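Chemist: Chain order of the listed sequences is A and H. Its first residue numbered 1, the first sequence is counted upward by one per residue in UniProt numbering. Its first residue numbered 1, the second sequence is counted upward by one per residue in UniProt numbering.
Hints were generated in silico from the structure; no laboratory data involved. Quick caveat: nothing in here was measured; it's all calculated off a predicted structure.
Below are the DSSO-like pairs computed for lysine-lysine, each with C-alpha atoms no more than 30 angstroms apart in a straight line: (1) Lys72/A / Lys89/H; (2) Lys89/H / Lys284/H; (3) Lys28/A / Lys185/A; (4) Lys87/H / Lys13/A; (5) Lys52/A / Lys89/H.
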Amino acid sequence: MLQVKNLHAAYGKVEVLHGISIEVPQGKVVTLIGSNGAGKTTTLRAVSGMIKPAGGEIRLNGKDITGLASHKIARTGLAHSPEGRRVFATLSVTDNLTLGAFPRLTFGRERGDVQGDLNRIFELFPRLQERRNQLAGTLSGGEQQMLAMGRALMLNPEVLLLDEPSMGLAPLLVEEVFRIIRELKTRGITMLLVEQFAAAALNVADYGYVMENGRISCHGPAEQLKNDPAVKAAYLGAAH
Amino acid sequence: MQIFAQLIVSGISLGMIYAVIAFGYQLTFATSRTLNFGQGEALMLGALVGLTLVGHMNYWLMIPLVLIFGALQGVVVERVAVRPALKNKSEFGWIMGTIALATIFKNVAENIWGRDDLKFPSPLPESPLTFHGIHVLPMEIVVVIGALGMMLAVEIFNRKSIYGKAVVATSNDRDAAGLMGINTRMVITFSYALSSMTAAFAGVLIAPLTLTGATMGVVLGLKAFSVAIIGGLNSGMGVIVGGLLLGIAETTTGFYLSTGYKDVPGLVLLLLVLAIKPAGLFGKTVINKV
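Based on the provided sequences and hints, a complete structural model is requested.
Modeler: Below is the structure:
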C-alpha cells in the first residue's frame, strides 16, 4: 500500500529526517511514536507533499509519488489530517467535509457516492451533523478534530495519515478519538497514525515504528513493542 | 437639502466604482496575501480596449470581450510579477513587480492610444433623469447595478460552487487546501484573473461618465486602495460602505469646500481608520481555537 524508503527531509539546510523507511500494508494501522521533535510530523508532511523530500522514495499502491505537489498526491488517494486540525474556519462544517471530496467532485479521483459518504460521516460523528451549518471556526477543539478526520475520510482514501488526533483534547475526547480510529480500522481503512499517547496508539495499531532524532530506532508488531523494555521505559512510562 | 441629496446621489455611483475596484484588491489578497498595485492600470486597459472595440460593435456586446481581456491581463500580472516572488518566498517582491508592470502597461497604453484623454461614447442617453428634482444619469444607475451585480456574482460563486469553495479554502489555509487536492497555485492565478476582470469591468462602466486615457487608472487605483483599507481587506460589506463613504465625501467636499480639497476627506478618513481600527471598519480578525 504505502511504502516509504530511505526518506530524507530538511528545513532549509538543516536535515531533520535521515533516512526513514516505513511500510503501511493494506487494511492495517501503523503507528509512528516518539518524543517531541523526533520528526514524526515532518515525516507525514514529506509523505503528503506539504514539504519536498530531499531524498528517498514514496510509493502509493506501487505508484511513485515522491516530490509531487500535495494536491496531486491527494488525488492519488492519500488523505492527511494534519497536526493542528487546520479546518477551514470561515466555511461551514458541511462545506469543510465537501471539500474533503474535492478530487472526487472535480477530477482526479473516482466520484462514487459523495452524498452517501457525507451521511456516513455524519453517522460516525453525530456532533458534526448537529453542527453541520455552523462555521468550522466556531467549533470546539474536539469537534474540530472530528471535522478534520471526517474531511480526510471524504477523499475515500487509499491510506489515511492522522497526525496527533488527540493533541490538546480532554481525556474523554481522547478516548472518543481512539474509539473512532478503532471503528475505522474495523471498516478496513489503512492508517498511518502519529501519536504522543504511545500506549493508546500501540493498543489500536498492528505495527509500530519508534522515531528518535529523525531516525527509526526500532520497529515491530505493536504487541511486541508494547512489551519491549526499552520502549516501555522511554515512551510508555509507569503511568500507563 | 436638495443639493445635498443630489451630491449624495452623485457620490453613490462614484463610490460604487471605488468599491468594485477595492473588491478586486480583496480577491487576490484573500488567496495569496498579495495585491496587484496595477489594479488602476487594469481598469484603464479595460476602458481603452473597450473604447477601441466600441468602434466596431455595440457597447453591451463589447463588455464580455473586455471581461475576457481583463482576465487574461490578470493572468499575465500573476505569472510575471507575483508568482516568482511567491515561489522565492520574497515578502515584498510582488510589490515592486506589480508596480513595475503597471508602469509598463501605462506606457504601452500611451503609445497605442496617445497621451490625450478620449471621449467614450455613452451607450445610454446623456440627459439626466429627474426624481424629485434630483438628477441621475442613466449610466450612473448602470454603474451601481453593474458593480453590485459583479460583486454578488463572485459571492454566489464562492458560496455555492465547489470551485468557489476551493477559493475560500485556499484563503483560509493554503497548505490545508492543498491536502484537499486543490491546486492552490491555480486558485491564485484565477483570483488575479478575476481581480483584473473586475477592474476592467469597472473601467468600461465608468468610462462613459469620465474621460478615458492612459493615466485614468492611477488615481482611481490609489483611491480604491484606500477604500479597501478603510473597509477592511477581508470584508465585502466593508468595501461597499468604504466606497460609498469616500464617494460621498468627495462630492460633498467638492461642492461645499472646494474641488481642490475633494481628495482630502477620504485621506483623512483613511488616516483615522489606520489609527483607530487598523483592520478596517469591517475588518475581521480570525480567531483560531486550540
